[in-house]
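**Student:** Sequence:
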Amino acid sequence: MNEVRQILSKSEVKNNIVLTGTIPQEEAPKYLAACNAFLSPHIPNEDGTRFFGSPTKLFEYMAMGKPIIASKLEQLGSILTHGKNAYLVEPKNIDHLSDAMYYTYKNQEFAKRIGENARKDVVEKYTWDNNIENLFSHILKNKLF
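Just so we're aligned: the sequence shown equals residues 806 to 950 in our numbering.
Hints were generated in silico from the structure; no laboratory data involved. Careful, some of the hints might be misleading.
[What the hints assert, rightly or not] As a list, the in silico EDC-like pairs of lysine to aspartate or glutamate whose alpha-carbon atoms are at most 16 Å apart: (1) K889 / E921; (2) K889 / E831; (3) K819 / E832; (4) K889 / E851; (5) K889 / D926; (6) K835 / E865; (7) K862 / E832; (8) K930 / E851; (9) K925 / E865; (10) K897 / E929; (11) K862 / D926; (12) K877 / D904; (13) K877 / E895; (14) K897 / E879; (15) K877 / D900; (16) K862 / E831.
Please model the complete structure; the sequences and the hints are all you need to start from.
**Tutor:** This is the structure in structure tokens:
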């Protein structure tokens, strides 16, 4: 965080950036609502193992109905579809990430559409009720009882 603060202190956009630090979970929705878009720029694991992270934050982003720019990587790429409910970028490619941010900012209809589609997808496919239904379906289908 110190390195981030140092870089930002020299930036032209420093007055447009807020580093909140840790906030109480119950306040998270209002912070997310203040955002114009969400970034999820992950990189592959250095040791070559498959990337895996809890998609909870991603589902929170999707629920907000705003554009998401994310790395096309493992789980993220299986939940998000480029041009449908997100703008997917090549992992570790800062130019691609920057271009995606600019494109999404300049193309508000696109941004609105992918945000709305993300919200629709999370409500239809990724609620806790859906997870429970899928789990029981799997258990019954595979006769695990």
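**Student:** If a hint holds in the structure, say so; if it doesn't, say that too.
**Tutor:** Structure-based check of all given hints:
| no. | hint | result |
| --- | --- | --- |
| 1 | K889 / E921 | holds (9 Å) |
| 2 | K889 / E831 | violated (30 Å) |
| 3 | K819 / E832 | violated (24 Å) |
| 4 | K889 / E851 | violated (29 Å) |
| 5 | K889 / D926 | holds (10 Å) |
| 6 | K835 / E865 | holds (12 Å) |
| 7 | K862 / E832 | holds (14 Å) |
| 8 | K930 / E851 | violated (31 Å) |
| 9 | K925 / E865 | holds (12 Å) |
| 10 | K897 / E929 | violated (31 Å) |
| 11 | K862 / D926 | holds (15 Å) |
| 12 | K877 / D904 | holds (15 Å) |
| 13 | K877 / E895 | holds (6 Å) |
| 14 | K897 / E879 | holds (14 Å) |
| 15 | K877 / D900 | holds (14 Å) |
| 16 | K862 / E831 | holds (14 Å) |
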